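Protein chains in written order, with the working numbering: chain A, 148 to 240; chain B, 148 to 240; chain C, 148 to 240; chain D, 99 to 429; chain E, 99 to 429; chain F, 99 to 429.
Keep in mind the hints are simulated off the structure, nothing from the lab.
It is possible that part of the hints are untrue.
Calculated lysine-lysine pairs in the DSSO-like style (CA-CA distance at most 30 Å, straight line) [to be verified]:
no., chain 1, residue 1, chain 2, residue 2
1, A, K184, C, K165
2, A, K216, B, K216
3, A, K165, E, K248
4, F, K306, D, K221
5, A, K165, A, K216
6, B, K165, A, K165
7, A, K165, B, K179
8, A, K179, A, K216
9, B, K149, C, K179
A few chain B positions that, by computed beta-carbon distances, are all more than 12 Å from chain A [unchecked claim]:
no., residue
10, M148
11, L160
12, D161
13, A162
14, K165
15, D168
16, A169
17, G171
18, P173
19, E210
20, A212
21, Y227
22, Q239
23, L240
Predicted model only: the values in this text are computed from it and were never measured.
Note that the Cβ used here is the ideal one computed from N, Cα and C, for glycine as well.
This is what each chain is made of:
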Amino acid sequence: MKRVDLIVSERELDAVLKAIDAAGAPGYTVMKHVTGKGPHGAVSEAMDFSGLGANAHVLVFCEPAVVDKLQAGVAPLLRYYGGVGYVSEAQQL
Amino acid sequence: MKRVDLIVSERELDAVLKAIDAAGAPGYTVMKHVTGKGPHGAVSEAMDFSGLGANAHVLVFCEPAVVDKLQAGVAPLLRYYGGVGYVSEAQQL
Amino acid sequence: MKRVDLIVSERELDAVLKAIDAAGAPGYTVMKHVTGKGPHGAVSEAMDFSGLGANAHVLVFCEPAVVDKLQAGVAPLLRYYGGVGYVSEAQQL
Amino acid sequence: MDTSLVLQNLLTPPALFFFLGVIAVLVGSDLEIPAPLPKLFSLYLLLAIGFKGGLELQHSGISGPVLPTISAAILMSLAVPIYSFVVLRVKLDSFNAAAIAATYGSISAVTFITAESFLDTQKLHHDGFMVAALALMESPAIIVGLLLVKLAAGQKRPDEGPMRWGAVLHEAFLNGSVYLLVGSLVIGFLTAANSPHSAEKMLPFTDKLFYGALSFFLLDMGIVAAQRLRDLRRAGTFLIAFSLLMPLFNALLGVAIARGLGLIPGDALLFVVLCASASYIAVPAAMRMTVPEANPSYYISTALGLTFPFNIIVGIPLYLALVNRFIPVAG
Amino acid sequence: MDTSLVLQNLLTPPALFFFLGVIAVLVGSDLEIPAPLPKLFSLYLLLAIGFKGGLELQHSGISGPVLPTISAAILMSLAVPIYSFVVLRVKLDSFNAAAIAATYGSISAVTFITAESFLDTQKLHHDGFMVAALALMESPAIIVGLLLVKLAAGQKRPDEGPMRWGAVLHEAFLNGSVYLLVGSLVIGFLTAANSPHSAEKMLPFTDKLFYGALSFFLLDMGIVAAQRLRDLRRAGTFLIAFSLLMPLFNALLGVAIARGLGLIPGDALLFVVLCASASYIAVPAAMRMTVPEANPSYYISTALGLTFPFNIIVGIPLYLALVNRFIPVAG
Amino acid sequence: MDTSLVLQNLLTPPALFFFLGVIAVLVGSDLEIPAPLPKLFSLYLLLAIGFKGGLELQHSGISGPVLPTISAAILMSLAVPIYSFVVLRVKLDSFNAAAIAATYGSISAVTFITAESFLDTQKLHHDGFMVAALALMESPAIIVGLLLVKLAAGQKRPDEGPMRWGAVLHEAFLNGSVYLLVGSLVIGFLTAANSPHSAEKMLPFTDKLFYGALSFFLLDMGIVAAQRLRDLRRAGTFLIAFSLLMPLFNALLGVAIARGLGLIPGDALLFVVLCASASYIAVPAAMRMTVPEANPSYYISTALGLTFPFNIIVGIPLYLALVNRFIPVAG
Ligand SMILES: Nc1ncnc2c1ncn2[C@@H]1O[C@H](COP(=O)(O)O)[C@@H](O)[C@H]1O
Ligand SMILES: Nc1ncnc2c1ncn2[C@@H]1O[C@H](COP(=O)(O)O)[C@@H](O)[C@H]1O
Ligand SMILES: Nc1ncnc2c1ncn2[C@@H]1O[C@H](COP(=O)(O)O)[C@@H](O)[C@H]1O
Ligand code: NA
Ligand code: NA
Ligand code: NA
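Bound-form chain A, shown alone (with noise of 0.2 Å):
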């Protein structure tokens, strides 16, 4: 099995939860409020009161034919609206 981890702006979560789910991965699991720095710049929580969101974390694990859907899917997402994507090994409990 893989594991996937996504961090995209909460903006283009819907987005990448719908490529997710037509990559058919079985599950995911999603984390926001997160923050963290990139190729374009820091991003913070501090305007929060507006709605405008943080990062989201997304993490998949499924099995190497759902990457390469991934792939095809989320990674142009990534590419145009910045955030960042990784594969790695992992085996089931």
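Take the given structure of chain A and dock chains B, C, D, E and F with the ligands to it, following the hints.
Chains B, C, D, E and F with the ligands in isolation, oriented as in the chain A frame:
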């Protein structure tokens, strides 16, 4: 060393943490207010006003021997109540 | 690429982030309000009203060379103040 | 007359803000009240309703209809789950039937509070001891629900032995909302007797602010109920019919009992509302913990997606019309 | 006279708590108001301002200057982005110019609220329909902004086709803050007509608490604005000049229009403040969603880091001095 | 008389809600007030107490016993840590001894506020300048604590050079709670002088709501204190004795000083409470940051698990009995 990622309902969190302690893990980290989707459907924070809670993400770094004990103590909880558990390789920094 | 997971007290977060920047990491992601248990005992959110804070989970995806620098800059902080750091393999999505 | 009461209820801020929340979901607005803010309002309302009930209980004393009414309330919270279970077993397995049954035996504090506010706008008096009835109807329903599971099913669970009665009673009597409500009631009772001056200093917080905070909270409840309503489509017509007809049946029974107890109209309405409402806080939380085999979207969606809005919008004024019709005004 | 008004404004709790927040950042205090508490205050203020506006609108009725004023407000929210865009294109690309332009066409509810509070301390009357103008100025500015992007740029985005008008209109009219403001306005309007008693019961929450809650929220806004101010240094003198001069220009235009409409001084000040303020809630959220190519630190920092503090501290009393100078007092 | 005062204090909402929180933990109820809601109440209380103190300080003026009292308060916050350190070194290492000593030199704002509320129920007047004393006792204690660490220990830390005085003073004077308290005091002072009308508009928020919000917050403090009490068992009898006897000793010293200063009974009680209380907010946060070698469960648990409940429940009325006994009523 191994890295174990568990996603469980906050409902079962206490039982899972007890099992982790019993397995002799040197420590663990808990992230609450986690949402997601799995075979049992989507979990959101919408019912938060009632204290129903969402999911929790538990992270354990431990020796392979502890993973075997976690396997025995935590996997039945996951099978019965839902949730996922995955193991990866990790080296101490 | 490598994946580095750090769990530190929110108290040391600024120092750790500074060390990550100094190590030349391309970015990082921070999850606050994290609780857990380790050799120094349990950390909860019960003292939240005082601003004492809980733990933070910091996630860095970076080149192996950066890991070596993180090793030099962050590991002493972990040894002195507590907290854990682990490194795994990861590939870009 | 019914329709005029329904309209009068509809055009108050609590009902209107509830609608605003429902419509937000229907039209897809991104309005949301992020966690844990709803918890703040729910804790506040329990604290305030308990405290005010305690003050009034001290003033009215524990006499007259107090003990009979509270006993009748407890009996209803035991009886409703039993006959609900029988009805629900027609279509559902024991786990789901027991969980939904327990939900309808218990009460909705927000429905109760909304009924109180409606009584105020109708200038009808009601007594503080009704809050005690409210507080005492959650626990029995939970226990009956778990007994039903125990009797009707027999599956072993991985982490427990036979039935952990300690844990069950604990959950029934000490869950956060029951505990805060009862505790605040006792505090109000003690304060009114021993320190009237400090009771008065609580009122801007517990009393003046109450109506506005209830309206704000109902905005969130409207959002949540509408989200649940969607789930309900999957649950099918049987459950939809159950969640509208069972409250009506319980309300009729409640009117009869209130008449028998000789309650004044205001108290009678509150009694009926207790019978007719279903829990979407304490009982679902207990069931989710102790009956994981039951599907939460069934017992939460019926109670929250249909019964709750029905009561808030149509039920309360309808029940008052029933009360006005069947309960003679004292005097 | 100007300076005396400025001073009077400076020494009120809202302005002072705003300063306290700014100074906290400048001296490096770790004072922070953690998420989602600021959201609680921002939801509360929108609900309260809408509700109170609805009550007053019911009392004053929809006649006289109401419709002309609202139409003029909508026209301003269409015109401001267009001429702002022309100015901004001198130095910026179309994406950034359009996003900032939309921001200045829209309004800042907190600036409006602070102006209302200032009018109260000056004992100047203003009308409830101005809240309707406030509510109707967000959406047009968003739409013009997106049209400008569409006309001036042509890049394809990965997950969308040409232009999703549905999503744009949706975002413009149904984003949480517009929705809550308009919804509360309608609720206040209905409640005042049908249930004056329950409208009264809302007042401790929506009215009495208001000034204190505004002050608390401005403490947070001070912190946030000061954090943004730092970003602004990078944005350069062109943007800094824009964010101070454009509000002044819009205010002058606003005074002229208010005079033409024959508004009373209180309403005139609010009209001017609507013209002169820039949005840092609804519009940035919409732009961040629909124009990811634009740099948020530009459009948020100008509106929040400079224009907002300028208006809160100097602008409001200055605009009142202008109003006093150019608008004849009725009578 | 003592027991009657203790009872009168016990039966007020603040003390009763505190108990309700303690009992929730003891009986294992799952009642909890999730983060960051407690922070909302703690920020609110600091803002309100500071603002009210500022108003009163403006009315009473800075004269008579004001400066001597404030100076005495600062001296106590310097002296208490020194003799506490000597006592604590008997059993503990320098790091832990210094951290606990600093904690007892500083103050607990909630204890102070509860004492104020108790004075109100006793109809005893007190002056606004006592809030200034409150605000000025946190920083010196932090500085003495860190000096003690510096003098008594010598270990090198990985990320710092010798002693970062800048950071220490910064933390002592600019930590969030000291900053908000002092800032609100100044704002209240300025507002009362320059805009009495707007000061009045703050009162529903800062004054009317205060008692209820304090009671709600003490519910949470009860939960937290009871959780800490468990930790304390491990700390052993020495620390338990210290956390009960040191406040008593400090209180006696405080009574003597208050008598010397010629304070009125209300101010005298507040002075004694400042001496007798220990900090569980600003100082622990500072110590956790600057003395990571000390065990937080020691300094937080003593201050919060024992000294705080002791003061809230028994201490305040006991100290008033002392004041009544030793301080002559003016007149
Ligand atoms: N190398 C990295 N490691 C961990 N998180 C990252 C990394 N780069 C970017 N991120 C996260 O992704 C978010 C969006 O990145 P970006 O928009 O590309 O700057 C950042 O705010 C970080 O939270
Ligand atoms: N494949 C997966 N990858 C990541 N998280 C998952 C996955 N499957 C389930 N989860 C998480 O585990 C929770 C419980 O799953 P379940 O009860 O089995 O539906 C879900 O709400 C998700 O947060
Ligand atoms: N083995 C572990 N696995 C996961 N998290 C850990 C582990 N050990 C410690 N932690 C986390 O690191 C924090 C600080 O650890 P410490 O101060 O060393 O006790 C703990 O509160 C945990 O959140
Ligand atoms: Na019921
Ligand atoms: Na504008
Ligand atoms: Na002290």
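Each hint, compared with the structure:
At most 30 Å may separate the alpha-carbon atoms for a hinted pair to count; K184/A and K165/C meet this at roughly 12 Å. Taken as a hint, the K216/A and K216/B pair is broken in the structure, with Cα atoms around 35 Å apart against an allowance of 30 Å. Between K165/A and K248/E the CA atoms are separated by roughly 26 Å; this keeps the pair inside 30 Å, and the hint holds. A distance of roughly 26 Å separates the Cα atoms of K306/F and K221/D; the hinted pair therefore holds under the 30 Å criterion.
At roughly 12 Å between alpha-carbon atoms, K165/A and K216/A fall within 30 Å of each other, so this suggested pair holds. Distance hint between K165/B and K165/A is unfulfilled; the C-alpha atoms sit about 35 Å from each other, more than 30 Å. Restraint check for K165/A and K179/B: the C-alpha separation of about 23 Å stays at or below 30 Å, so the hint holds. For the hint pairing K179/A with K216/A, the CA-to-CA distance comes to about 24 Å; that is within 30 Å, so the pair holds.
With a C-alpha separation of about 23 Å, the suggested pairing of K149/B with K179/C holds against the 30 Å cut-off. The beta carbon of M148/B is kept farther than 12 Å from every beta carbon of chain A, the shortest such distance being approximately 14 Å. No beta-carbon of chain A comes within 12 Å of the beta-carbon of L160/B; the shortest separation is about 14 Å. For D161/B, the condition that its CB be more than 12 Å from all CB atoms of chain A holds, with the nearest at approximately 19 Å.
With a least beta-carbon separation of about 15 Å from chain A, A162/B lies farther than 12 Å from that chain, consistent with its non-interface assignment. Distance to chain A confirms K165/B as a non-interface residue, since its nearest Cβ pair spans about 16 Å, more than 12 Å. In this structure D168/B is separated from chain A by more than 12 Å, as the shortest Cβ-Cβ distance comes to about 17 Å. Against the 12 Å criterion, A169/B stays outside the reach of chain A, whose nearest CB is about 15 Å from its own CB.
Every C-beta of chain A lies more than 12 Å from that of G171/B, the closest at about 16 Å, which supports listing it as non-interface. For P173/B, the condition that its CB be more than 12 Å from all CB atoms of chain A holds, with the nearest at approximately 18 Å. Every CB of chain A lies more than 12 Å from the CB of E210/B, the least distance being 15 Å, so the non-interface label holds. Its beta-carbon lying about 14 Å from the closest one in chain A, A212/B satisfies the requirement of being farther than 12 Å from that chain.
Distance to chain A confirms Y227/B as a non-interface residue, since its nearest Cβ pair spans about 14 Å, more than 12 Å. Remark: the non-interface label on Q239/B is consistent with the geometry, its nearest Cβ contact in chain A lying 17 Å away (cut-off 12 Å). With a least beta-carbon separation of about 16 Å from chain A, L240/B lies farther than 12 Å from that chain, consistent with its non-interface assignment.
In terms of the numbered hints stated before, the structure departs from hints 2, 6, listed from lowest to highest.
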